[in-house]
Amino acid sequence: MFEPSNLLLAVPALPLLGALLCVAFGSVKELRKWAHVPAVLCAALSCAAALTVVSNIGEADVHFPQDRTGEPISWFSVATATTKLSADFGLEADQLSGIMLIGITFIGTWIVVFSIGYMHGSPGYPRFFAAVSLFLASMTLLVLADNFLLMFAGWEGVGLCSYLLVGYWHDKPSAAAAARKAFLVTRLGDVGLLLGSFLLWQMAGRNSFNYQFIFEKAAEMVNAHPYLFPAACLLVFSGAVGKSAQFPLYVWLPDAMEGPTPVSALIHAATMVTAGVYLLARCAALFTLCPAVQATVAVIGAFTAILAAYIALTQNDLKRVLAYSTVSQLGFMFLALGCAGPVVPSFAVTAAVFHLFTHAFFKAVLFLSAGSVMHAMHDEIDMRLFSGLRKKLPVTHLAFLCGAAALAGLPLLSGFWSKDMILESALEAGESKRFGTLYYLLFGVAITTAAMTAFYTFRAYFRTFWGPLKMPEGAHPHETWVMNIPLLVLAIGALAVGIVAEPFTHWFSHFLGHAKTLVQADAGRVAEHHLNWPLMIGSGAVALLGIGVAWAMYAGNSQSADNLAKNLKTPYYASLNKLYVDEIYNVLIVQPFLMIAGFCKLCEAIVYDLVRLVAMVPRFLADLIRPLQNGLVQFYALSMAMGLAAIVGYLVLVAK
Amino acid sequence: MIEYDLIMMSLVIFVPAAFGLLCLIFPAKFKEAVRWWALLGTAVTLCLSLCLLVEYYFLLDSRSDRGLRSLHHPKTLLDARADEALRRASMPAPEPRQAYDWVGTVPWIDRFDIQYCIGIDGISLPLIVLTSLVMFFAVIASWKIETNVRAYFFLLLTLQTGVLGTFFALDLFLLYVFYEVMLIPMYFLIGVWGGARRKYAAFKFVIYTLLGSVFLLVAIIGLYFTDVRDFVDKTAVDARAEERRKESPRLTQDEIREYHTFHIPTLQRAGQGAMLVLTGQQNRLTARDEPGEGKVPLLGRGVHIESARGRFQQAFFQPTYQYLFFVLLFVGFAVKVPVVPFHSWLPDAHVEAPTPVSMILAGILLKLGGYGLLRLAYPICPWAADQLSLVIAGLGAFGIVYGAFVALGQTDFKRLLAYSSISHMGYVILGLAAWGGGAKSQYWAWGMNGAMYQMVAHGITASAMFFVVGVLYDRSHTREIRQLGGVMTSMPLFAGLSAILFFASMGLPGLCGFVGELFVVLGSWNYHPGLSLAAIGATVVTAAYLLWTWQRVYLGVNHHGHYTEITAREAAVLLTFVVLSIALGVLPQTLLLSWMEPSVTGLVESLARLKPD
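In the order they appear, the protein sequences are chains L and W.
All residue numbers for the first sequence refer to this note's numbering, where the first residue is 1 and numbers rise by one.
All residue numbers for the second sequence refer to this note's numbering, where the first residue is 1 and numbers rise by one.
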């Protein structure tokens with residue numbers, strides 16, 4: 001029963017059970033306020049199962065069902081005499097999914113614990129925990145699935161949970177609109193993902209959606225379909241773009257902050273948005289075969305990184321700053337993924353996944369601290385309304401500082417190491433022959449973004465926790481242990497997980513480097529791990545520079561910042577208004593769609609009237625003939641006589 | 001004398017009508033008793049149809065070879081079973097009939113060889129069970145009907161007999177009779193118990209459907225005039241010739257051997273023969289008892305191809321007439337589906353019909369169209385179907401996109417659902433039509449299975465969604481989306497259950513809508529990627545209109561008064577639908593595909609072999 005294979009099934013199954021139990025608890029009035037119990041227990045058990053599974057990933061991966069030679073468990077299938085179309089239920093844990101699992105279940109558990117305090121007393125308490133548990137189940141399914149279709153099921157499942165949780169406060173119109181926007185924008189990407197996987201399946205011989213099966217044919221496919229194959233990769237990438245909020249589909253993520261803060265931490269920072277990064281890492285064996293696609297991935301990533309960072313510079317809503325920083329950091333990860341190919345894939349992909357891993361910790365802690373601030377400030381999150389909170393909320397302050405420092409890339413903290421690896425990938429990619437200059441340019445973009453990241457993070461930090469004490473009305477600052485413990489645990493993670501896992505031991509990259517897809521993508525090349533001192537010193541200096549500027553502008557009074565805003569009106573307002581992207585999309589996409597709908601409605605009306613018109617023809621004909629039936633016997637007699645005369649006349653005169 | 005299977009199947013068909021007739025003898029004031037009586041009637045039918053399901057599974061299982069395609073066996077296909085029954089009946093010394101072959105025949109109007117011939121297979125049975133199920137819930141949903149209760153339930157139950165009979169019938173004439181039987185109750189159900197513009201809607205419904213039936217009738221008569229003696233066993237032809245000789249001794253030797261029939265499997269074989277003739281593969285035709293390599297055993301036992309050649313000059317075997325028959329059958333059923341240019345009746349009928357009738361309309365009646373195409377139009381005129389497949393697939397894909405966009409612009413909840421039905425039924429048409437040639441025909445099997453699955457899934461989600469609207473209408477007395485809002489605040493349980501139905505309708509993986517759509521999309525992907533692209537792209541629009549509706553109706557603040565939470569009766573209906581949509585999404589193989597797929601794939605294979613590589 002406790003074989004790794006069965007535990008593997010337990011990883012998604014336990015949170016699913018938790019979700020059902022939460023619903024059951026919700027239907028009994030007395031149990032409603034205990035609805036967190038199944039959620040926490042199941043999340044923790046799932047975490048334990050995940051850790052056991054990961055510790056068993058050695059030379060061989062862990063599979064469910066265990067026996068790989070037999071028939072796979074079929075979700076649904078149609079067999080003709082010659083081929084079989086089968087969507088199989090198969091789970092597989094390799095090093096890549098193992099690392100994702102740790103992040104999801106470990107951070108997820110602590111966020112569920114935090115939510116007990118944060119969501120206390122809100123209406124729909126069981127609903128929240130049911131949705132979060134369902135989310136954990138879907139997310140673990142997403143990373144454990146061994147084929148594209150099952151992965152897609154998890155992929156849509158997390159989208160659904162995100163929808164339910166963003167719209168958690170359902171009577172708030174902005175939350176409802178944000179939820180719908182999130183679902184629809186990601187769905188656009190999902191269409192691409194589905195098409196991409198169809199194409200891959202078709203090129204691989206239409207036999208199986210299994211990753212391994214498709215990857216093994218990668219070289220064949222790229223030879224046989226030199227244009228279709230990159231197109232398929234681009235389509236898969238578009239799915240990642242939607243889910244991981246990259247340009248041009250990033251617009252949903254900042255709005256998604258309408259959801260409860262633990263949700264922002266769990267779904268929209270630590271786990272779900274990294275699904276795209278996971279997908280591209282999983283498909284590294286395919287993507288590395290298309291240099292042009294990889295360059296596109298890198299360009300999109302770098303562009304998103306700097307764009308989001310630029311918008312984050314001036315936002316006044318604390319959670320929105322963090323949301324844009326998430327978009328920006330995800331851009332970093334895609335930049336790293338796009339470097340695989342020119343750089344040894346296992347190095348670049350490790351950089352991305354490592355950043356994903358550390359980012360999950362420090363972004364979760366940042367969001368949870370922001371949530372703690374919000375909880376204390378009577379659900380107010382506008383930084384203009386409060387300041388100087390470090391005395392009132394000491395634990396939150398400490399946790400936020402840890403997270404912010406890690407995000408800013410302060411030397412020796414988690415974010416520093418992972419960001420450093422990404423920068424190094426970009427720099428190394430610059431030495432490649434094809435697209436070399438481009439990658440150098442992207443490196444420049446990345447290092448600029450790093451400085452901006454340090455600045456806006458600490459801008460938020462100083463404005464919230466420093467300066468004179470100011471609080472909105474109705475605020476009663478308080479902290480409870482059930483919220484503090486998760487904060488501290490994750491804060492420690494944010495500080496330490498980076499230095500423990502990678503820079504000196506290289507444990508992380510060695511572990512991840514054995515993942516099959518990366519081994520295949522490497523094609524024999526060996527990643528060199530060394531400490532690039534000039535780069536490290538440079539990026540450290542850049543981070544300190546950003547923090548320093550933020551300190552100078554916001555630590556005391558923010559007079560200098562206001563002056564600067566006045567002097568740079570155009571860039572300031574462009575950034576404050578998010579570069580008007582929402583408005584542009586409204587004109588370019590939403591309005592045309594509504595116009596098509598209006599046009600179709602018009603067609604419908606025309607068809608409707610046309611039908612009525614046709615229906616009038618018989619009536620019109622009837623009206624023509626009806627006068628003949630006028631009820632006058634003389635008339636009938638006359639017409640009979642005339643008819644008779646006509647026929648007889650015809651017979652006599654014409655017919656002979 | 002009368003076999004067990006015939007009794008069982010006839011019971012399923014006629015139990016509702018019997019209960020319906022008995023409704024009329026209740027005293028008018030015993031409204032509650034009539035309701036329970038009708039509920040009992042549908043419950044009995046449901047139980048009986050589930051018994052049929054078990055029996056049919058036994059039938060498949062008895063031939064199962066436990067291999068890769070475990071429940072497949074050529075002998076269990078409807079065609080083979082019907083043929084065997086015919087063979088046994090036509091023997092000079094009739095062999096005993098089989099009580100467990102789930103095909104039954106009783107002579108009805110001998111003069112025209114019209115038989116009461118019924119049977120089940122994996123294509124009709126899912127729809128039969130779906131019908132019984134939706135009808136059962138429609139009766140529960142009818143509890144609020146207060147006027148003319150007896151007449152209402154009488155008509156409802158008669159309607160059920162009509163629908164079930166159509167699904168069971170293996171004789172074209174019988175099928176047509178049942179098809180018409182269903183029409184009249186529907187007219188009254190909409191026209192008497194409907195909304196404000198009920199008369200117009202009922203009239204439009206009848207005119208449209210009658211137009212379809214006229215097309216169907218012309219096709220049926222035309223098919224009957226075809227001499228299909230080569231596709232019937234020689235013994236049967238001889239037997240009939242003997243009778244004819246006694247009746248009218250003046251007929252010539254050739255005339256008395258003419259064989260006209262309404263028997264659907266026979267006509268299907270003739271149609272398939274026509275395809276071989278028209279594609280110049282006449283030589284592949286062979287008698288059913290003389291199979292050979294590369295041969296297609298369609299001719300009757302004892303018939304030789306050389307003697308049959310002359311009769312391939314008949315109209316039925318000419319391209320023009322094949323087109324004609326196909327178009328007649330296609331239009332006849334396309335009105336019912338409805339395929340896009342013929343859909344104008346549906347929104348009106350849905351909007352005006354009372355809730356339970358809307359449930360039946362969306363859940364069952366639309367499936368009759370799909371069933372007709374699958375059972376009659378495609379197998380009887382495969383050549384024309386193949387020639388026109390791109391047109392039909394295009395109509396299907398257009399319907400998907402068009403229906404979704406029109407739905408996006410609606411503000412009447414029921415009208416929106418009506419257009420969403422049109423959009424979802426487009427997947428059925430697309431899946432049916434995706435007939436690629438040669439090596440690609442296997443993908444057609446996916447499209448066909450997807451079409452069937454989509455019909456069942458849509459039957460569940462659509463009737464559930466109309467029930468949802470009915471629940472809302474009972475409380476708010478409006479269907480206008482703009483006048484609804486904040487329902488989730490006052491009815492959390494109802495909102496939770498409807499949410500799952502909304503997402504099932506959207507085709508999210510793990511819910512019933514996904515499986516059918518995926519099959520269809522994959523099947524059509526191999527047929528024509530462009531159509532598949534349209535179908536996939538439309539899912540975004542589908543999500544958009546459903547989520548937008550969800551947001552406007554359920555979320556936000558309710559300014560229109562407090563609604564009471566659903567009653568136990570309503571909750572039971574919704575919960576069952578929810579459980580079914582989850583179960584069919586999570587366990588599609590076990591619950592439905594395993595026993596449905598052999599028949600559908602068998603049909604596909606029997607048609608695909610006609611098309612050269």
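Hints in this document: simulated from the structure, not taken from any laboratory.
Do not take every clue at face value.
Claimed, not checked - Derived DSSO-like pairs (lysine-lysine); straight-line CA-CA distance at most 30 Å: (1) L/K84 / W/K234; (2) L/K470 / L/K569; (3) W/K440 / L/K84; (4) W/K295 / W/K199; (5) L/K217 / W/K199; (6) W/K199 / L/K601; (7) L/K84 / W/K199.
As the list claims (entries may be wrong) - To give a feel for the contact side, a few chain W residues facing chain L, derived at Cβ under 10 Å: (8) L183; (9) L493; (10) E605.
To be verified - In silico contact screen, one side only, chain W against chain L (beta carbon under 7 Å); selected entries: (11) G302; (12) H304; (13) Y402; (14) N449; (15) V540; (16) A544.
Since the model is a prediction, treat every value here as computed from it, not as a measurement.
For glycine and all other residues, C-beta sits at the position ideal for the given N, C-alpha and C.
Open item on the list: Given a cut of 7 Å on the nearest C-beta pair, is the interface hint for W/G302 held or broken against chain L?
Closed with: violated, 29 Å
TODO: For the hint on W/A544, just tell me whether its beta-carbon gets within less than 7 Å of chain L.
DONE: holds, 6 Å
Task: Distance restraint between W/K295 and W/K199, which requires alpha-carbon spacing of 30 Å or less - done: violated, 56 Å
Open item on the list: Holds or violated: W/K199 and L/K601, Cα atoms, limit 30 Å.
Closed with: holds, 24 Å
Task: chain L contact restraint on W/V540 - CB to CB distance below 7 Å - done: Because about 5 Å separates W/V540 from the closest Cβ in chain L, which is inside the 7 Å limit, the hint holds.
- [ ] So, W/L493 near chain L? Judge it on the closest CB pair being under 10 Å.
- [x] With a closest approach of 8 Å, the W/L493 hint holds.
TODO: Would you check the hint for W/K440 and L/K84, treating anything up to 30 Å between C-alpha atoms as holding?
DONE: holds, 13 Å
Open item on the list: Please check whether W/E605 passes as an interface residue: C-beta within 10 Å of a C-beta belonging to chain L.
Closed with: This interface hint holds because 7 Å falls under the 10 Å limit.
Open item on the list: Checking one constraint from the list: CA of L/K217 to CA of W/K199, max 30 Å. Satisfied?
Closed with: violated, 62 Å
Task: Satisfaction of hint between W/K199 and L/K84, Cα-Cα up to 30 Å - done: It is violated: about 50 Å lies between the C-alpha atoms, which goes past 30 Å.
- [ ] Could you check if W/N449 really has its C-beta closer than 7 Å to a C-beta on chain L?
- [x] For W/N449, the interface hint holds, since the closest Cβ of chain L sits about 5 Å away, which is under 7 Å.
Task: Holds or violated: L/K470 to L/K569, with C-alpha atoms at most 30 Å apart - done: Since the Cα atoms of L/K470 and L/K569 sit roughly 27 Å apart, the hinted pair holds (cutoff 30 Å).
Against the hints set out earlier in the document, violations occur for numbers 1, 4, 5, 7, 8, 11 and 12.
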